[in-house]
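Let chain A serve as the given structure and place chain B with the ligands on it in line with the hints.
For the protein sequence lines, the chains are A and B, in the order given. Per the working numbering, residue 1 is the first one in the first sequence, and the count goes up by one each step. Per the working numbering, residue 1 is the first one in the second sequence, and the count goes up by one each step.
Derived by calculation from the structure, the hints in this document are not laboratory data. All figures in this text were calculated on a predicted structure; none of them were measured in a lab. Treat the hints loosely; a few may be bogus.
As the list claims (entries may be wrong) - Here are the simulated DSS-like cross-link-like pairs (lysine-lysine), alpha carbons at most 25 Å apart as the crow flies: (1) B/Lys24 to A/Lys130; (2) B/Lys180 to A/Lys140; (3) A/Lys140 to A/Lys130; (4) A/Lys140 to B/Lys24; (5) A/Lys52 to A/Lys130.
What follows is the residue order along each chain.
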Amino acid sequence: MASTGLGEGLITAREAGLVACGRCGRLHPIAENYCSRCSAPLESRDFESPQKVWAWLIAGLVAYLPANIYPMLRTSQLGTSTESTIVGGVMDLIHHGSVGIAAIVFFASIVIPVGKFFAIAYLAISVQRKSLLNQHQRHKLYEVVEFVGRWSMIDVFVVAILSALVQFDTLASINPGIAAFSFAISVVFTMLSAQSFDARLIWDVDRTNHAK
Amino acid sequence: MACPQCDTLHYAARLPEGSRAYCKRCGVVIATERATAFAQVLSLAITAFILMVAAISFPFLELDVAGHHNSISVLQAVTVFNDGIALLLAIAVAGFIVFLPLLRLASIIYALGPLVRGKPARRSAKEAFALAEFLQPWSMAEIFIVGVAVALIKVAGLAHVSTGPAFWAFCALVLITVLKDQLICRYSVWQALD
Ligand SMILES: [Zn+2]
Ligand SMILES: [Zn+2]
Numbered sequence: 001m002a003s004t005g006l007g008e009g010l011i012t013a014r015e016a017g018l019v020a021c022g023r024c025g026r027l028h029p030i031a032e033n034y035c036s037r038c039s040a041p042l043e044s045r046d047f048e049s050p051q052k053v054w055a056w057l058i059a060g061l062v063a064y065l066p067a068n069i070y071p072m073l074r075t076s077q078l079g080t081s082t083e084s085t086i087v088g089g090v091m092d093l094i095h096h097g098s099v100g101i102a103a104i105v106f107f108a109s110i111v112i113p114v115g116k117f118f119a120i121a122y123l124a125i126s127v128q129r130k131s132l133l134n135q136h137q138r139h140k141l142y143e144v145v146e147f148v149g150r151w152s153m154i155d156v157f158v159v160a161i162l163s164a165l166v167q168f169d170t171l172a173s174i175n176p177g178i179a180a181f182s183f184a185i186s187v188v189f190t191m192l193s194a195q196s197f198d199a200r201l202i203w204d205v206d207r208t209n210h211a212k
Numbered sequence: 001m002a003c004p005q006c007d008t009l010h011y012a013a014r015l016p017e018g019s020r021a022y023c024k025r026c027g028v029v030i031a032t033e034r035a036t037a038f039a040q041v042l043s044l045a046i047t048a049f050i051l052m053v054a055a056i057s058f059p060f061l062e063l064d065v066a067g068h069h070n071s072i073s074v075l076q077a078v079t080v081f082n083d084g085i086a087l088l089l090a091i092a093v094a095g096f097i098v099f100l101p102l103l104r105l106a107s108i109i110y111a112l113g114p115l116v117r118g119k120p121a122r123r124s125a126k127e128a129f130a131l132a133e134f135l136q137p138w139s140m141a142e143i144f145i146v147g148v149a150v151a152l153i154k155v156a157g158l159a160h161v162s163t164g165p166a167f168w169a170f171c172a173l174v175l176i177t178v179l180k181d182q183l184i185c186r187y188s189v190w191q192a193l194d
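Just chain A, same shape as in the assembly (with noise of 0.2 Å):
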């Protein structure tokens, strides 16, 4: 809370009635639609982020719960098959001893969704109710929404990597679960949520009182 907007007299684009391109950056006048330079279509704030934020993250959302539920990986070795979920194969890293692997496996598929969730709708309210309380912090909290988000990713490749891998007819052959893909689904769902979220909103609620 070191800071809640105002201080050392500095002003917003949309203040002084401008507009910034979102994609390359240049200053147009408030009225104008389309980016001089990289003829981007021009816009001061986004409010309908909040909508297509929520929108995405459902969608997300509706895509994760499949993705635990069912099988990650099928894997038959000498006429027998086992299937393991997300939380089942972490659990065989650990059993492998391989606990260090297991932690990295764990944070990519659990924590980074599961956080994330939490994280962006948590910044959606917050912006969709005005809220002036740690604008900084928000703020943080974003980018490493923004960073992490794709991390995710990862059990995703190791199941496509073992799948490529180890096919060796009866002898032993690992192959994708439908897990794999409604977890990848999720993924890009919520990494589109994130980016439909408009950060100057965060910045923008002590100041849309004073503007106007």
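Below, chain B with the ligands alone, put in the same frame as chain A:
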């Protein structure tokens, strides 16, 4: 210039060589000043492109189990699948680790190439650079490397696995891409493309 994250206005001043400008309000980096940055970014992008081509064509991982030997390149790994889920998954993975990164590198080379040689920008250089920016979060080569490490440990009990030359090309590629993304200054590139 306005901060891309919080919209706060700043005066675009000439920065000392090698320095970075941060937003006064939210603290993100808004510009970096480096006379040789374009040339470095371009050469790193070209190197990464060549490494990527090597990484997908040479054997990536080799595996021995009870006398059977299996050696795969990334291209083979993608083409080995031919049924439902596995095929969809293979297409998605190939997109994230091969096609999108290649497309991104090609766009950067296309956009920055003429600038480094002191020539005017190509006509669609802006579109190309915008595409490269758009593709950044979707190029997942570095995540793939961690995935390989996890996969190697998972099959360690089942078989003997060793890494092929392409694996090391891929690792180098990841390091170079990270370095390149550190060097690139969005603001100066757009200024130069104008
Ligand atoms: Zn623009
Ligand atoms: Zn800022």
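Hint-by-hint comparison with the structure:
1. B/Lys24 to A/Lys130: holds (22 Å)
2. B/Lys180 to A/Lys140: Status holds; Cα separation ~23 Å.
3. A/Lys140 to A/Lys130: holds (17 Å)
4. A/Lys140 to B/Lys24: Satisfied, since the Cα-Cα distance of roughly 15 Å is no more than 25 Å.
5. A/Lys52 to A/Lys130: Holds: lysine 52 of chain A and lysine 130 of chain A sit about 17 Å apart, inside 25 Å.
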